[in-house]
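Peer 1: As they're listed, the protein sequences go chains A and B. UniProt numbering puts the first residue of the first sequence at 1, with every later residue one more than the last. UniProt numbering puts the first residue of the second sequence at 1, with every later residue one more than the last.
Derived by calculation from the structure, the hints in this document are not laboratory data. Careful: at least some of the hints might be erroneous.
[As the list claims (entries may be wrong)] Subject to a maximum C-alpha distance of 27 Å in a straight line, what follows is the list of computed DSS-like cross-link-like pairs (lysine-lysine):
1) A:K85 - A:K64
2) B:K207 - A:K275
3) B:K76 - B:K113
4) A:K85 - A:K221
5) B:K138 - B:K110
6) B:K125 - B:K138
7) A:K179 - B:K110
8) B:K125 - B:K110
9) A:K179 - B:K113
10) B:K207 - A:K179
11) B:K138 - B:K113
12) A:K221 - A:K64
13) B:K125 - B:K113
14) B:K138 - A:K179
15) A:K221 - A:K275
[What the hints assert, rightly or not] Non-contacting residues of chain B with respect to chain A, defined by C-beta distances greater than 12 Å in every case (computed):
16) E32
17) E128
18) D167
19) K207
The beta carbon of each residue, even a glycine, is placed where N, CA and C say it ideally should be.
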Amino acid sequence: MSVADTSYTPKGRALPQRQPLAKVIDSVTFSVIVYAVIVGGIVWLSYSGAQAMGYNWQWYRIPKYFYTVTEDGFQWGEISIGLVKTLTLSSLAFALAVIMGLIVALLRLSGLVICTAVSIGFLELVRNIPLLVLLYLFYYVLGPIFGFDRYWASILCLAVFHSVLISEILRAAINAVAKGQWEAATSIGMSRGQAYRYIILPQSVRFMLPPMTGEAVHMVKSSAIVSVIAVAELTTIGRNIISDTYMSFEIWFTIAAVYMAVTLILSVGVSFVEKRYAVDT
Amino acid sequence: MSRDRPIITFDNVDKFYGDFHALKNISIHVREGERMVVCGPSGSGKSTLIRCINGLEFHNSGVLTVDGVEVYADSKHIFRLRQEVGMVFQQFNLFPHLTVLENLTIGPIKVRKVSPSEAERTARKYLERVRIPEQADKYPSALSGGQQQRVAIARSLCMESRIMLFDEPTSALDPEMINEVLDVMVELADTGMTMVVVTHEMGFARKVADTMVFMDEGEIVETAPPETFFTNPASSRCRAFLDQILDH
Numbered sequence: 001m002s003v004a005d006t007s008y009t010p011k012g013r014a015l016p017q018r019q020p021l022a023k024v025i026d027s028v029t030f031s032v033i034v035y036a037v038i039v040g041g042i043v044w045l046s047y048s049g050a051q052a053m054g055y056n057w058q059w060y061r062i063p064k065y066f067y068t069v070t071e072d073g074f075q076w077g078e079i080s081i082g083l084v085k086t087l088t089l090s091s092l093a094f095a096l097a098v099i100m101g102l103i104v105a106l107l108r109l110s111g112l113v114i115c116t117a118v119s120i121g122f123l124e125l126v127r128n129i130p131l132l133v134l135l136y137l138f139y140y141v142l143g144p145i146f147g148f149d150r151y152w153a154s155i156l157c158l159a160v161f162h163s164v165l166i167s168e169i170l171r172a173a174i175n176a177v178a179k180g181q182w183e184a185a186t187s188i189g190m191s192r193g194q195a196y197r198y199i200i201l202p203q204s205v206r207f208m209l210p211p212m213t214g215e216a217v218h219m220v221k222s223s224a225i226v227s228v229i230a231v232a233e234l235t236t237i238g239r240n241i242i243s244d245t246y247m248s249f250e251i252w253f254t255i256a257a258v259y260m261a262v263t264l265i266l267s268v269g270v271s272f273v274e275k276r277y278a279v280d281t
Numbered sequence: 001m002s003r004d005r006p007i008i009t010f011d012n013v014d015k016f017y018g019d020f021h022a023l024k025n026i027s028i029h030v031r032e033g034e035r036m037v038v039c040g041p042s043g044s045g046k047s048t049l050i051r052c053i054n055g056l057e058f059h060n061s062g063v064l065t066v067d068g069v070e071v072y073a074d075s076k077h078i079f080r081l082r083q084e085v086g087m088v089f090q091q092f093n094l095f096p097h098l099t100v101l102e103n104l105t106i107g108p109i110k111v112r113k114v115s116p117s118e119a120e121r122t123a124r125k126y127l128e129r130v131r132i133p134e135q136a137d138k139y140p141s142a143l144s145g146g147q148q149q150r151v152a153i154a155r156s157l158c159m160e161s162r163i164m165l166f167d168e169p170t171s172a173l174d175p176e177m178i179n180e181v182l183d184v185m186v187e188l189a190d191t192g193m194t195m196v197v198v199t200h201e202m203g204f205a206r207k208v209a210d211t212m213v214f215m216d217e218g219e220i221v222e223t224a225p226p227e228t229f230f231t232n233p234a235s236s237r238c239r240a241f242l243d244q245i246l247d248h
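So here's chain A without its partners, still in its complex pose:
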């Protein structure tokens, strides 16, 4: 009699039956109910709190900050313009950060004492300064010295800050490629550069994609900090609107939702790319 035979019933002790209560607690419906109760509770508390302090909700005034359609035609609103600024700022900074991160990682992996020392020095320097202080350094110290404005100060600052994190991601991803790949590339006469370019880096992409997505999301979020030097991106726009309208609740909820939408879209997009690079070894 085979094990898979369904007519087979084990003799001896019966398996313990699950308690009805445990079944209910494990069910999806129950989870959804608990989730709804918690979220609902928070919303209700905030709402009733706002009511109690006499807050005047004015959600109807929000859409015009995204876009307006008047007799002059369609026009983008301030939040949309701020979002575009945030996206260009973050993507420029991210591109720069990847280039710098790759250089730092390759210096670190070069095996040459001086290069390793330079990259570790850079790493420790940047990693041990808070982002806000780094931004002040770039804007108030390096900016006047090298003559760049607040926009470039913020891009460079974000790039430098994230290049350190990215270099560690790249280093780990490069090291994750099997040593035998180096040997095979070397033994067909490839130079170090050729081996990196044709063999090692293409294979390390799949190791770096998940943490790099995290970094891209992190970049979009940390770009909000440049509002302290008044670069006109999403967060700065939010503050400006509030100082004009006093709608702090609605605006901050909206700004938070916009950031969330951007980062979620980013994560979903990359998970598609990840599938493409999912080569099994």
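Using the hints, position chain B against chain A.
Peer 2: What follows is chain B alone, placed relative to chain A:
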């Protein structure tokens, strides 16, 4: 060209890994067209010996020359040399992100600067030689171990190497796949290729070797033609080793 011309020469070569003395005063030469089989217990320095030949490892003292060119870490000839010397690894080390055909052509195209169409022609010729022309467009992960190792052999052949090194080419294979790889190697030996093979396949060694080398603890203990090596080895260490691996 004379078959007696030494193409690989080790002259008092020593190699250390930290304090570990991996190669002890190795002096040996391989003639052009010679098939040398190196055997010995694990950790005896066989792999280190052949990895020094194409500069995957560098020796610490003594002189090692390949085709008249000295091998050392900062030699500017090292890339040129590695093109002359093909290497087949125990773990195949195919490039998993490239198809079989791309695995074979990337070296010629990027390193030897051969045109892509010519590289592809050469690649298909050698795939034919190792009897897997139909697998050209697959990725290595879709192939069996034996097929992967044959692709690896073809990859080295595509570089038009004059010397082929084999580092335990069948040790990672399932038993039923060993012969398909050995057959390809026997055919290769018949073409007159200079081969240095680290292996425990004594049947193969008997069939193709011109010279048998036995290593133990970093030393070359015995060098002999296969007839004497298998029937009447001079050293007791070698005899003990052969008894162990031939006993079953």
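Peer 1: Looking back at the numbered hints, which does the structure fail to meet, lowest number first?
Peer 2: 2, 10 and 18
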